[in-house]
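**Q** Listed below, chain by chain, are the residues.
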Amino acid sequence: MADKRMAGCTPFSKAEMAALVAADIPEGWHVNLGIGLPTLVADHLPMNREILLHSENGILGMGPVAQRESADPWIVNAGKQNVSLVRGASLFHHADSFAMIRGGHIDLCVLGAFEVAANGDLANWTTSSDDRSPAVGGAMDLATGARNVWVMTQHVTKSGEPKLVEQCRYPLTARKAVGRAYSDLAVIDITPNGFSVRAMAPGVTPALLQDLTGAPLQFP
Amino acid sequence: MIDKEVQDVKSALAGIKDGSSVMIGGFGAVGQPNALIEGLGQLGVRNLTVIANNAGFEADIGLGKLIGTGAVGKIICSFPRGSSTFDQRYRKGEIELEVVPQGTLAERIRAAGAGIAAFYTSTAVGTKLAEGKEVREIGGKDHVLEYALPADVALIQAWSSDRWGNLTYRGSGRNFNPIMAMAAKLTIVQTGAVLPLGTIAPDDVITPGIFVNRVLCVPDGDPPLASTKDADNG
Chain A
1 MADKRMAGCT
11 PFSKAEMAAL
21 VAADIPEGWH
31 VNLGIGLPTL
41 VADHLPMNRE
51 ILLHSENGIL
61 GMGPVAQRES
71 ADPWIVNAGK
81 QNVSLVRGAS
91 LFHHADSFAM
101 IRGGHIDLCV
111 LGAFEVAANG
121 DLANWTTSSD
131 DRSPAVGGAM
141 DLATGARNVW
151 VMTQHVTKSG
161 EPKLVEQCRY
171 PLTARKAVGR
181 AYSDLAVIDI
191 TPNGFSVRAM
201 APGVTPALLQ
211 DLTGAPLQFP
Chain B
1 MIDKEVQDVK
11 SALAGIKDGS
21 SVMIGGFGAV
31 GQPNALIEGL
41 GQLGVRNLTV
51 IANNAGFEAD
61 IGLGKLIGTG
71 AVGKIICSFP
81 RGSSTFDQRY
91 RKGEIELEVV
101 PQGTLAERIR
111 AAGAGIAAFY
121 TSTAVGTKLA
131 EGKEVREIGG
141 KDHVLEYALP
151 ADVALIQAWS
161 SDRWGNLTYR
171 GSGRNFNPIM
181 AMAAKLTIVQ
191 TGAVLPLGTI
201 APDDVITPGI
211 FVNRVLCVPD
221 GDPPLASTKD
231 ADNG
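Taken in sequence, the protein lines are chains A and B. Counting with the working numbering, you get residues 1 to 220 for the letters of the first sequence. Counting with the working numbering, you get residues 1 to 234 for the letters of the second sequence.
Rather than coming from a laboratory, the hints here were simulated on the basis of the structure. Be careful, since some hints might not be right.
[Unchecked claim] Simulated crosslink set (EDC-like; lysine to aspartate or glutamate; CA at most 20 Å straight-line):
(1) K185(B) / D18(B)
(2) K176(A) / D152(B)
(3) K176(A) / E131(B)
Owing to the predicted nature of the structure, the values given are computational and were not obtained by experimental measurement.
Based on the sequences and whatever the hints tell you, model everything.
**A** See below:
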């Protein structure tokens, strides 16, 4: 761990973060997993629960990334990888797909984040330091439309700045959208009273977590 | 007799001119009508407004290649990343960009085809992409006014067609294609097969022929297998 403040801590690995998210998804939910860390959640879904994965390009019931030999070139996920379909999957066009999202039919969306504010504001689509063209994809629709929005993120930036903050500095993806954040140090609910800690990684203390967070934490 | 099938790319694209607005179907390489896009690049038309989800990927194929020819003056899309030809022209100020959230883009297209002039959505409220747009509180929640997005032409890809233009799709190849077919004055289809009338069961038709003007059979138009490292967020 590069950050000296974290000496003595055992942060959650990416796989452990994904397993924590997966364990919290109830039977029967329809779930959209964003690119990056959230994609890993698919590998940890409990076998004894029927959870349907949605891909915004028109798939409900998406299976794992396809092996090259058996891949169908006509089936890709939102990350443009060839994927498989589970038994019972359905296919549809983009307007129907985003009706599922915007209409509140998708139970959960798991997204990455640059910043999450204590009031649930989410910034995850563009940074002012980014000189490339702005590109939003489906992030705003998902963050606004899904019934629950959970975020997976490292707790601090590479330079040690908090990513859970009082107020986002980067351009917003959606206002008051995020319900829960899974970081490498803790699982934190966003409540009407701000950040509320549900769990911490081994060795993390309340004082340390507060030190690495940009807004007050509650420990119920 | 209604017969929408045309025999070559040139007849398929007849009438597209400088300044036309052109919708292009596809998400990634799937459902992207590359033969039609290639042909469009060879027409020599300029200042096109392209409406698509992305701004192309590879520089030598499809939309990426079209942008490289300098034919496109403006692009309306949700995710212009991963396209070197777009990046070069965007940095030089040679191409105008309107970024639209993906679901709002789809619904603006759907609305255009369905005769809906505009709609209110909560997507993008309070963000940069809602700046300058009317916001109205409905049911205790803020919404942004978004206008229908029609086009002169739609270039789409289907799995199969008949001579009336009834279309089926395959896999995730539906994406923007059925809604773009409805939203353009002139809808041009690239398909792998033109089947005898009646071969496509009525239950299987996804886009009824009423939305289609021309059909071009391109038997070898399957998308390539995706490279395993491709992972672009949208």
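**Q** Hints the structure violates: just list their numbers, smallest first.
**A** 2
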